[in-house]
Amino acid sequence: MEAASVAVRRKQRRASGLSESRLGAAMMAPSLIVMGLVAAFPIGYAVWLSLNEYSVRVEGLSRFVGFDNYSEALWGDTSSEFWDAFKNTFIFTGISVSIELVLGIAFALAMHQAFRGRALLRATVLVPWAVLTFGTGLLWRSIFEPNLGFWPSFLETLGLPGADALWYGEDGYAMATIIFADVWKTAPFMALLILAGLQVIPEDVYDAAKVDGASVWQRFTRITLPLLRPAILVALLFRTLDALRVFDLPFALTQGSNGTTTLSLHAYNELTRNRLIGEGSALAVLTFVVVMVVSFLYIRFVGGNIRAMAGDE
Amino acid sequence: MSPSKRAQERRRQILLWVAVVLIMLFCLFPFYWLINISLKTGPDLSSADFFPPNPSLDNYDSIFEDSNFTKALRNSVIVAGVTTIIALVIGSFAGYALARLRFRFKFILLAIILSVTTFPPIAIAAPLYKFWTDLDIYDTLYGLIPPFLAFTLPLTIYVLASFFKEIPRDLSEAALVDGATHFQAFRKVVMPLAAPGLVTAGLLTFIWAWNEFLLAITLTSSPDARPVPPALAFFTGSQQFEVPLGTIAAALVVVTVPLVVLVLIFQKRIVAGLTAGAVKG
Numbered sequence: 022m023e024a025a026s027v028a029v030r031r032k033q034r035r036a037s038g039l040s041e042s043r044l045g046a047a048m049m050a051p052s053l054i055v056m057g058l059v060a061a062f063p064i065g066y067a068v069w070l071s072l073n074e075y076s077v078r079v080e081g082l083s084r085f086v087g088f089d090n091y092s093e094a095l096w097g098d099t100s101s102e103f104w105d106a107f108k109n110t111f112i113f114t115g116i117s118v119s120i121e122l123v124l125g126i127a128f129a130l131a132m133h134q135a136f137r138g139r140a141l142l143r144a145t146v147l148v149p150w151a152v153l154t155f156g157t158g159l160l161w162r163s164i165f166e167p168n169l170g171f172w173p174s175f176l177e178t179l180g181l182p183g184a185d186a187l188w189y190g191e192d193g194y195a196m197a198t199i200i201f202a203d204v205w206k207t208a209p210f211m212a213l214l215i216l217a218g219l220q221v222i223p224e225d226v227y228d229a230a231k232v233d234g235a236s237v238w239q240r241f242t243r244i245t246l247p248l249l250r251p252a253i254l255v256a257l258l259f260r261t262l263d264a265l266r267v268f269d270l271p272f273a274l275t276q277g278s279n280g281t282t283t284l285s286l287h288a289y290n291e292l293t294r295n296r297l298i299g300e301g302s303a304l305a306v307l308t309f310v311v312v313m314v315v316s317f318l319y320i321r322f323v324g325g326n327i328r329a330m331a332g333d334e
Numbered sequence: 014m015s016p017s018k019r020a021q022e023r024r025r026q027i028l029l030w031v032a033v034v035l036i037m038l039f040c041l042f043p044f045y046w047l048i049n050i051s052l053k054t055g056p057d058l059s060s061a062d063f064f065p066p067n068p069s070l071d072n073y074d075s076i077f078e079d080s081n082f083t084k085a086l087r088n089s090v091i092v093a094g095v096t097t098i099i100a101l102v103i104g105s106f107a108g109y110a111l112a113r114l115r116f117r118f119k120f121i122l123l124a125i126i127l128s129v130t131t132f133p134p135i136a137i138a139a140p141l142y143k144f145w146t147d148l149d150i151y152d153t154l155y156g157l158i159p160p161f162l163a164f165t166l167p168l169t170i171y172v173l174a175s176f177f178k179e180i181p182r183d184l185s186e187a188a189l190v191d192g193a194t195h196f197q198a199f200r201k202v203v204m205p206l207a208a209p210g211l212v213t214a215g216l217l218t219f220i221w222a223w224n225e226f227l228l229a230i231t232l233t234s235s236p237d238a239r240p241v242p243p244a245l246a247f248f249t250g251s252q253q254f255e256v257p258l259g260t261i262a263a264a265l266v267v268v269t270v271p272l273v274v275l276v277l278i279f280q281k282r283i284v285a286g287l288t289a290g291a292v293k294g
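As given, the protein sequences belong to chains A and B, one line each in that order.
Numbered by my numbering, the letters in the first sequence go through residues 22 to 334 in order.
Numbered by my numbering, the letters in the second sequence go through residues 14 to 294 in order.
If you are wondering where the hints come from, they were derived from the structure by calculation, not from laboratory data.
In this text the structure is predicted, and so the values were computed from the model without any measurement.
Where a beta carbon is used, it is the ideal one built from N, C-alpha and C, also for glycine.
Mixed in with the good hints, there may be bad ones.
Take a look, some chain A residues computed to stay more than 10 Å from chain B by CB distance [said to hold, decoys possible]:
# : residue
1 : A186
2 : L216
3 : Y227
Covered by chain A, according to a simulated footprint, are these stretches of chain B (three or more residues, beta-carbon under 8 Å) [what the hints assert, rightly or not]:
# : region
4 : 156–165
5 : 275–286
In isolation and in its complexed conformation, chain A is listed as follows:
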């Protein structure tokens, strides 16, 4: 019976034209072609652009200069701009992702409890996620706006410092506004990923710990956190890679002023405002390299299980 059906199937498969592996290749092809042509090839071309110098006066005139644009960006006269952007990007990423992680865990723990209105809470946290990122920047600008904004008047009412500051236009404060906006927009996303991790922890582990007399805090640190590790690591990776490429929020809130120019924004300014195609491309490629190096280090040293996740596909 078994053997007969296998034989029949083989015959039919031969009759049906495409073999499984050919069909696999054919079904992968359209996606791979699009990603190859519109993502991979342009990045390769950006590398080529970055190895040339372009005339500002004569359009289309260029000459090969090797790694000059890179050495200029990394240790030339204007290299401080790159290193400032580098520093700003990592400050932004470090602070906002850390806050998002703490808030994300707290939100997830609340959303995991059984209570009436839980569905409403879970729906509510999706609201910030649905707002345009660029729009989030404008929204928070309106909250920090002098006179009109909620935040300055809130600080004034409570007599707290900072009420007179122009939040999105002063050193230090400007970075804070971008972090506020990013935390608002993405902490809920973090919470949803961590909540999904919480939901797969079996309840009887906690029951056993209760019987053994573990306190709430002990249960959290000895059971919940270790078992959440995989979900937390994935969420951290997603958020870190996004944060390193941040562009929309500083563009909307501060236009990169007062120590908020990030790597992407710096490259964008060189490319579009200053029309420096060679140097701008070098900066864009450096941004790409930074993201790649961070994701490589992360997967290599922190998240072994992320490889396992991709491996089970």
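Starting from the structure of chain A, add chain B where the hints point.
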């Protein structure tokens, strides 16, 4: 229940409700402030009143009279809609192949696809600007669709593959035994069952394309091709020399509310998509 247990339970309840109220305020209050501003006009726009003293819909009227805004809305719907449809079609092919078919280099292909998610859009902006100018599709709606596809396909494929894997293998095997080809099994048996996955992947793709800003502002230069996010950056409103805070707020409310409604209706599907694969590891 002993009295101390009951007291502990009550404390837990109070703590939980405080947390819930704080989370809701955190998520909703900034959006409320936006609505608040959008209903203010004239001198009210320089005061931080909690409620608009003279609520008016003037800002909403003025954005819908602004053809740049209505064009941007139309552009965004077209670009995000077409991107979503194409991504679902070709992404479901790739997702099915990855989930069900045996072929060589599968793991490497998956790794390559996932690595596209780490590409910074800024790194392809300048080359695409040049190519699109040469091809004469700079500043057109068509020009935005290919890069949007390239960036949304990894997610679409990943979400769909994880949905296809949940569909029992026996069903497609049965179709094969009955003489169907692999492609017929995919199209007639697996696809109809994967409808929830398509909704999820489609929503995530649509929202990504609706949201994209860097490529949209680099590859367009006129209101005829500009989608909503870059159009907001060029918003000048009716009054010159004055940041039109009221109209910007109204425009933001108009472009956000449909998405919020969509997200609330399909809440479960979206959460399933966002967390697909994130907990298996």
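Status of each hint after checking the structure:
The Cβ of A186(A) lies farther than 10 Å from every Cβ of chain B, with a closest approach of about 15 Å, so its non-interface assignment holds. Distance to chain B contradicts L216(A) as a non-interface residue, since its nearest Cβ pair spans about 8 Å, not more than 10 Å. The Cβ of Y227(A) sits about 14 Å from the closest Cβ of chain B, beyond the 10 Å cut-off, so the non-interface label holds. Counting residues of the region 156–165 of chain B whose C-beta lies closer than 8 Å to any C-beta of chain A gives 5; at least three are required, and the coverage claim holds.
Residues of the region 275–286 of chain B with a Cβ under 8 Å from some Cβ of chain A number 6, which satisfies the need for three, so the listed coverage holds.
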